[in-house]
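Q: In the order they appear, the protein sequences are chains B and G. Count the first sequence with the working numbering and you get residues 1 to 300, in order. Count the second sequence with the working numbering and you get residues 1001 to 1310, in order.
Just so you know, the hints here were simulated from the structure itself, not pulled from any lab data. Accuracy of the hints is not assured; some may be wrong.
Covered stretches of chain B (chain G as the covering partner; in silico rule of three or more C-beta atoms under 8 Å from a C-beta of chain G) [said to hold, decoys possible]:
(1) 177 to 183
(2) 276 to 289
Each computed DSS-like pair below joins lysine-lysine, with the alpha-carbon atoms no more than 30 Å apart [as the list claims (entries may be wrong)]:
(3) K1139(G) / K11(B)
(4) K72(B) / K1268(G)
(5) K102(B) / K185(B)
(6) K158(B) / K1268(G)
Using N, Cα and C, we set each Cβ at its ideal position, and we do this for glycine too.
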Amino acid sequence: MSHRFATVWRKEVFLAYALLLPSLIFLAAFTYWPILRSFWFSLHDVALGDPRIFWLGAENYLRLLDDGLFWKVLGNTAFYTLTTIPLSIIVALLLAVAMDSKLRGMAIYRSAFFYPVMIPSVAAGMVWVFLYAPGYGPINEALNFLGLPRLDWLYDSKWALPAIILMSIWKYSGYFMLILLAALKLVPSDLYEAARLDGVGPVSRLLHITVPLISPTLYFVIVIGLLHSYQIFDYVYVMTQGGPADSTNVLTFYIYQNGFQYQDIGYASTIANTLLIFVLGLIGLVALTLGRRVHYMGER
Amino acid sequence: MTDIVRNTQAASTATTASTATTAANTVAAIVPSPFSVVLRWMSRRWQHFILAPLVLLWLSPMIWIVLTSLKTKVEVFDPDAGILPAVLNFANYPATLAVAPFGMYLVNSILVTGSILIAQLVTITLAAYAFARLEFPLKRFLFTLFLLQVMFPIYAIFLTNFVTLRELGLINTLPAMIVPFVASGYGTFMLRQAFRQVPSELSDAARLDGCGHLAILWHVYLPLVQPTLVAFGIISVVTHWNDYMWPLLVTNSDSVRTLPIGLGLLAKSDSGADWTRLMAGTTLVVSPLLLVFVIFQRRFIDSFMHTGVK
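Given the sequences, and given the hints that come with them, work out the whole structure.
A: Printed below as a string of structure tokens:
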């Protein structure tokens, strides 16, 4: 009997590995092998399209520490991530709260806020270049109409990154709003009713009832926000090419510049590795700080 | 106005729906001052006063794309021309189609997105079943490997992937745009969760009837997790249909380029000056997906609402 059981078990193990094999091959070839290889490259002098490879040791990393532009790029990336994510989530939360009732035209509102997610990043970037155009762009026309000064937006090193941030809020907050809306539906409405009867105002209802109760979802949205924030490469590529004066140059674009424009795979890999560490660090930080304080309602 | 009538009717049981007087009379009969009616209506529907202008703001870039695509070049740069095109000028559309092979881009986009979707559905179904229903050594470790893939951005490994594909001689081919995305940690995770919710009595019954694992997977599990498959499919298609960076890096000729790349090239060749043609191109590129979205709105919204990530 136990012999038969062992055969069945062995069969099951064999089947399991057979089922995993297709995924594992592609995971290994295009996710894990590149990570290992990227580390290997970072210790060498490698040129794009040149099979020769020269040992450098830690030299690329020392170069990184000395590279003023790298630190600027890292700062830009951090600034973009740390402003875009909170701002889009705040906008998304306010939209979701305003829509969390039986509202006529709900479907129209939802789609109108969500549709930017469906637009290819290259198309979105291009349209916003037009919208931001200093001479004839509608945003400057609107500012002018309101009696505000015109701005140079993407041509001004002070305003270029904020301009991309504004566009990102437009592009993604509708997505976050949808996810938050699903969470708001689960908050029991008698909680609001009780608070209202106790004379709790709308702002503290939001801060003390809504936010704690949907905190698992907020946490989830922050992680999604992080994953989507890499897409800034597309916007930088289409809208500014990192300029003016590298004010919109971010890690992903800097990797591209070094690897493809200067063909220095070794150094580009070194930057890519720091991006990986940056990302894993941020996710770890979010998990440690917010993940612990998250309030789980019931089982979820 | 009819809104006010309906609301006041709902609020007060005294009025019956059959009151066939004019709207103004009905309002006056219930509440003395029409002004306070408006105020009450406004306070109950305050959301509209915030949301409606915001919706307009959100839609304005899309409206701007379409309006500009119907203008003439002169109008775009003329500050006195106003927002609407003076005459609807459709000539930009044929002009755009004449400068770039958008038909070919469309075919490539469909081939790439379709192949990724089919390949992903196969790999994630098989892997998710193993993780959900089978016991084997290293299960936890392997599952972690799948989950970590979600966190590693393609933007951090595109460089080495490019080198690998070049060594394989796949640069500037359709497979180059497909192979990095065949395995999906996220899809595997989503589907594993769905499989685990299928009651084990069902598969036990099938096994007693003599079904093997694969038959159970095909006849019992897959039909039951269809909503998850659709949700994952929608997210996958939207992501890869719109993808820009990776196809940009691995293609260098029209025969393999996808729609977003074609649009980017159009922008480059026009050097930003010919906005009317560019916006016509944008409308063409954006509309297939937006159209599908408008038709299957609920499906799309549900997919993104309850799942997330790429």
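Q: Which numbered conditions among the earlier hints are violated in the structure presented, ordered from lowest to highest?
A: none
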